Amino acid sequence: MLDISVEEKEQLKLERLQSTLNRACKNVPFHRKRFLEKNILPEDIVSLKDLTKLPFMDRTHLGTHYPYGLFAVPLRDIVRIHTAPGTGTNPSISGYTRTDLLIWKKLVARSFEAAGVTSLDIIQIHLPPGLANWGRDYKDGGEAMGAGVIPNSPLSLNKTLMVLRDYKTTTLVTTPAFALQLMDHMFDRERNPNELNLKRLILVGEPVEGKLVADLEERLHVDVWLNYGLSEIPGPAIAHECRSHCDTHCCGSHCGLHINDDHILPEIIDPATGTPVPMGEKGELILTTLSARAFPLIRFRTGDMARFVPEPCGCSSPLIKLEWLKERADNMIIISGIKVSLDQVKSTLQKALAVPCPDCTVERIRRDGTETLGISLVMDDVLFSDEIKELQQLISQTEKLLAEQVGVPIKICLVQKRVL
Amino acid sequence: MLRIKNLKCSYGSIVAVHGVSLSVKKGELISIIGANGAGKSTLLLAICGLLKNWEGEIVFQDKDLKGMSPPAIVRSGISMVPEGRQIFSPLSVMDNLKMGAYTMYRKGLKSQVEEDFDMVMEMFPILRERAHQLAGTLSGGEQQMLAIGRALMARPRLLVLDEPSMGLAPKIVEMIFNVITTLQSQGVTILLVEQNARAALKISHRGYVLETGKMVLQGSADELLVDDDVKRAYLGRDYGDFYDGRDA
Numbered sequence: 001m002l003d004i005s006v007e008e009k010e011q012l013k014l015e016r017l018q019s020t021l022n023r024a025c026k027n028v029p030f031h032r033k034r035f036l037e038k039n040i041l042p043e044d045i046v047s048l049k050d051l052t053k054l055p056f057m058d059r060t061h062l063g064t065h066y067p068y069g070l071f072a073v074p075l076r077d078i079v080r081i082h083t084a085p086g087t088g089t090n091p092s093i094s095g096y097t098r099t100d101l102l103i104w105k106k107l108v109a110r111s112f113e114a115a116g117v118t119s120l121d122i123i124q125i126h127l128p129p130g131l132a133n134w135g136r137d138y139k140d141g142g143e144a145m146g147a148g149v150i151p152n153s154p155l156s157l158n159k160t161l162m163v164l165r166d167y168k169t170t171t172l173v174t175t176p177a178f179a180l181q182l183m184d185h186m187f188d189r190e191r192n193p194n195e196l197n198l199k200r201l202i203l204v205g206e207p208v209e210g211k212l213v214a215d216l217e218e219r220l221h222v223d224v225w226l227n228y229g230l231s232e233i234p235g236p237a238i239a240h241e242c243r244s245h246c247d248t249h250c251c252g253s254h255c256g257l258h259i260n261d262d263h264i265l266p267e268i269i270d271p272a273t274g275t276p277v278p279m280g281e282k283g284e285l286i287l288t289t290l291s292a293r294a295f296p297l298i299r300f301r302t303g304d305m306a307r308f309v310p311e312p313c314g315c316s317s318p319l320i321k322l323e324w325l326k327e328r329a330d331n332m333i334i335i336s337g338i339k340v341s342l343d344q345v346k347s348t349l350q351k352a353l354a355v356p357c358p359d360c361t362v363e364r365i366r367r368d369g370t371e372t373l374g375i376s377l378v379m380d381d382v383l384f385s386d387e388i389k390e391l392q393q394l395i396s397q398t399e400k401l402l403a404e405q406v407g408v409p410i411k412i413c414l415v416q417k418r419v420l
Numbered sequence: 001m002l003r004i005k006n007l008k009c010s011y012g013s014i015v016a017v018h019g020v021s022l023s024v025k026k027g028e029l030i031s032i033i034g035a036n037g038a039g040k041s042t043l044l045l046a047i048c049g050l051l052k053n054w055e056g057e058i059v060f061q062d063k064d065l066k067g068m069s070p071p072a073i074v075r076s077g078i079s080m081v082p083e084g085r086q087i088f089s090p091l092s093v094m095d096n097l098k099m100g101a102y103t104m105y106r107k108g109l110k111s112q113v114e115e116d117f118d119m120v121m122e123m124f125p126i127l128r129e130r131a132h133q134l135a136g137t138l139s140g141g142e143q144q145m146l147a148i149g150r151a152l153m154a155r156p157r158l159l160v161l162d163e164p165s166m167g168l169a170p171k172i173v174e175m176i177f178n179v180i181t182t183l184q185s186q187g188v189t190i191l192l193v194e195q196n197a198r199a200a201l202k203i204s205h206r207g208y209v210l211e212t213g214k215m216v217l218q219g220s221a222d223e224l225l226v227d228d229d230v231k232r233a234y235l236g237r238d239y240g241d242f243y244d245g246r247d248a
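The listed protein sequences derive, respectively, from chains A and B.
By my numbering, the letter at position 11 of the first sequence is numbered 11, and the numbering carries on one by one without gaps.
By my numbering, the letter at position 26 of the second sequence is numbered 26, and the numbering carries on one by one without gaps.
Derived from the structure by calculation, the hints contain no laboratory data.
For clarity, every value in this text was computed on a predicted model and none was experimentally measured.
Glycine included, every Cβ here is placed at the ideal spot set by N, Cα and C.
Hints may contain errors.
[Said to hold, decoys possible] To give an idea of the chain B side of the interface with chain A (calculated C-beta under 10 Å), a few residues:
#1 3
#2 8
#3 18
#4 209
#5 211
#6 214
#7 222
#8 223
#9 227
Isolated chain B (complex conformation) (with noise of 0.2 Å):
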């Protein structure tokens, strides 16, 4: 579904992706995990035309990326949930997800919207208790149903996410982990850039590591799971470890 070929994405002199290669099938659920300053969101920014300034090849569904705008991106499929939430705060909840929308409008698909409006309130239910609060009014687990609720009014057919968990507590980390899983379990291919590298590849099918710009490992979730230099870097302790007499 989606291609990237030897992706290089620059700010200025400094090169913060170097010839990244990696790709995400229809259905699938990838993470990418790695450090800051890795480039994670960067090559996000890139796949939604965000960032201009990038050689190689983005190719979703057979098409080429190259000089697309992010409004024709997401037409052709791709949503993302940008780090930090990023929604309209002095909006309402509800003119926030018409925004996500917005393509949708374009399109004529009315009748659809109102759908999909449906199916986001279905999923994150607060959010019909909040639909006509302003958005910069809500908590920091309520601004993230309410970015991915936004991305999902797009039909998005690879939905981006970016650190959905970034400030969250653990209980609600829980519940959008849950959300995503629910939505690549509903046939939405999924791309997630995760700190909480153990959460994300619990429920990915396969990983991508980026290290300083470059990929240094992928393979499937179980594989990265056992990997020690992964577990040393990103996944810190499980429980476990604390219990089982190793390592104390």
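Next up, chain A with everything else stripped away, as it sits in the complex (with noise of 0.2 Å):
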């Protein structure tokens, strides 16, 4: 646990915002103008609360500077670069230096000790194809605190269960869809849990219902864990439960998480009016990080609704704790843990089927422990044609380009005007 005052990381996050916004302003353009906008030099920020000063940044701006316009630092600097969908046509993509690696993975590593893994734990991790960069990062994590780590591969069910089994698996990180058909599947099969050795499931990608938590925690003999990330910030364990998480999930995830306030700073806002909420209600987290080098955020937002817990935790961990909402602040949906944006599947289907105004809705489609995304979309009379096979291709292509584009499953229903 992080050995630090209350007091302390307070003076250390303010350390860090002005060193951040020191090499942001001179190393990145887009950062700079938008000081000058404002008139603000970096020094004019003097405490935590003058950060608001500062204007918001969202995912239009990352796919606006694509690829490296956001980088503070030289490309030679830079060792790993993430790629994730993104809003618009441009894909968002961050990038790491040597040393940003070094603090990401004693952060998943933290996330990992919160969680009760220690170095004699072997560590599975299962994340879909648009979460392999989460993978990456849990798999340096694990093996920066000794535990042994089988990393994401792209294995079936019943092989995935095989490896679980077989190689004495204690810790499985993955999303809650796939824990919820791992659990479907096992039952199904009549396969007994106690034939793992899994003592506990990390789940990543979107909040849980406390129902599903513990239904997991009880058919499968496990204590879960949630973990909160953004694929843009980059990471997955900017927030963890800790030890001290509600034992009986009646409140969901409402017992919160310590989120990494050390090295990433966050503020709830109002969505609508951008003003701070008072503490304990919800709105919009904002995101700023405090000590990335290669790709600096201030003020992002994420369109993930949260609230601040202002009860102190029984861990007594220094680290603020955060309530994760289902609800979002955005126009977007998440599908097996991957944020689709709802305005760019209108933007893909207006142009993948030459209509100006696509009229449908969408929706998560979990079937037999997968999540696709769900699009009805009314058959008008642009659309409509007596050819049969032609629309179905059309369809086809449709689905198969905003798959691509959004990364993840994508199945079109064609649907009469009435049905909606």
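With the hints as a guide, bring both chains together as one complex.
Right under this line is the structure:
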């Protein structure tokens, strides 16, 4: 656990914030321009509260400055580049220097330690391709703390189960969707969870309801720990549950996650006005990186809704706690832990179908344990064709294009207007 | 132990340090690295009360140092080993050490001063041999040992060293850095300003990088040692770089 007093942590945060602003302003024209527009110098930020003087960043900025426009170090210093689907035509990419990787390893190891993982554990990582970047970070973090790690690999459900059992995995890092699929699969085949050595599940990608957690714990005989991450920050273990997390799960994720606020500064704002909400009230989570060298983000709007938990935690960690809520502040939907922009879906549909304004609704479909983005598309006069084969081909091509664009499986159904 | 917030230091109209924040915890060894003119020494001068024209907050053990005189700051527990040693050349080694113990004499702690003489002599045996020699006749390395010894005579809780390796032979530098490590292990908190960034970071817990008066990086020593920016700007190349076949 982080051995630092709250007062020391606040000082450390200010020091890191000021260094980050100095570096960002010096090395990234985008940030420098925004400081100038606000008539602010980095040295004008003399307290953490002063951060509110700075403008927000959002995902569109990442797309606009694709690929390297927001990097704060020369490319020769970058040792890893991650790609996330993004919200527009361009993906959003983030980079790591050697130092970034070192810091990130420590943060991921910290989240493992909070979940009770030790060097004696065997960690298996099973994440969908869209979260493969996080898989690498979890691998590095697990190795850094000396645990045995089975890296992410595209195995079938049966093979994954075989590895879980035969390799004596004690810790599985995965998405809630896969955990559910695994549980259903085992019980469909009347497999006894006691065949496994599994002690804990670390779930990432989306908030989980208390009932699901309780189900997983009871039926798989494991402890469930939730981690919060963001593809853009970049990294999977920005916040984690600690040993004092609610055992009864009466409140879902209400007992909160510790955010690594010594490295990533959180704010909660009213998404409509952009002003900070009172302590304990819900709002949009805003993050500022405090130690990222390659890819500093300043007041990044995550679109995730959260609230700070003001009550002190039983684990006496100095890290701030927040509750991660299911609702969203932006127009996105989470499929298997991957955030999909609905605006991006509509604009891609528009292009692929050559219709000015496609009339559709979207939903998350969970079938046989896998999650798909379901699109119900209204068949209007523009779309209609008396050649069924042509129509099928168009829909199939659109599904492929969309899946490539947003990084999740797509299923388009044509519906009559009255159905919607 | 030491907390600095938004420190701005000026020489007339020239601002040398722009809103720097840093902290040193009890028992830590912290390095500040940076190029010439980055503001490192200015920062130390402000901490020790030798520079008056500063804004911001310097708090040492919950005591605000604003407006305190250098002797009062020494009494509060901060001793400085200045850049270029600044020993009293016309005085003997022993007298230089006595000057360092001035605050102890004033507090009436003469018996402790005797103990401290022995401690310094044990740490730097060469100073015992040179005890009655004029300080100005010592070699550079011996003068640096004397400057450190003089600072230790005030029994500091925070020892501030400004470029202790400057102008010294590599062997002497190694010896001086060993002494710094020993002092830290004995419980003395140390703030070290150093151009020899690699040597400084190797013995430090954490480090800060100053650039044109602004703090641009900080982190644990292991993080800074692998940082490419720091390597390029301050570390130069290590022996390994010449032999591992890369970057020839």
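Here is how each hint holds up against the structure:
1. A cut of 10 Å between beta carbons decides the hint on residue 3/B: the least distance to chain A is about 6 Å, and the hint holds.
2. The beta carbon of residue 8/B comes within 8 Å of a beta carbon in chain A, closer than 10 Å, and the hint placing it at the interface holds.
3. Given the 10 Å rule on beta carbons, the hint for residue 18/B holds: about 5 Å separates it from the nearest Cβ of chain A.
4. Restraint check, residue 209/B versus chain A: the minimum CB separation of about 8 Å is within 10 Å; hint holds.
5. Interface restraint check: residue 211/B against chain A, minimum CB-CB distance 8 Å, threshold 10 Å, status holds.
6. Hint on residue 214/B holds. Least Cβ distance to chain A is approximately 5 Å, under the 10 Å limit.
7. Checking residue 222/B against chain A: minimum C-beta separation of about 7 Å stays under 10 Å; hint holds.
8. Checking residue 223/B against chain A by beta carbon gives a least distance of about 5 Å; that is within 10 Å, so the hint holds.
9. Taken as an interface hint, residue 227/B checks out: its beta carbon lies about 4 Å from the nearest beta carbon of chain A, inside 10 Å.
Hint check: no violations occur; every hint is consistent with the structure.
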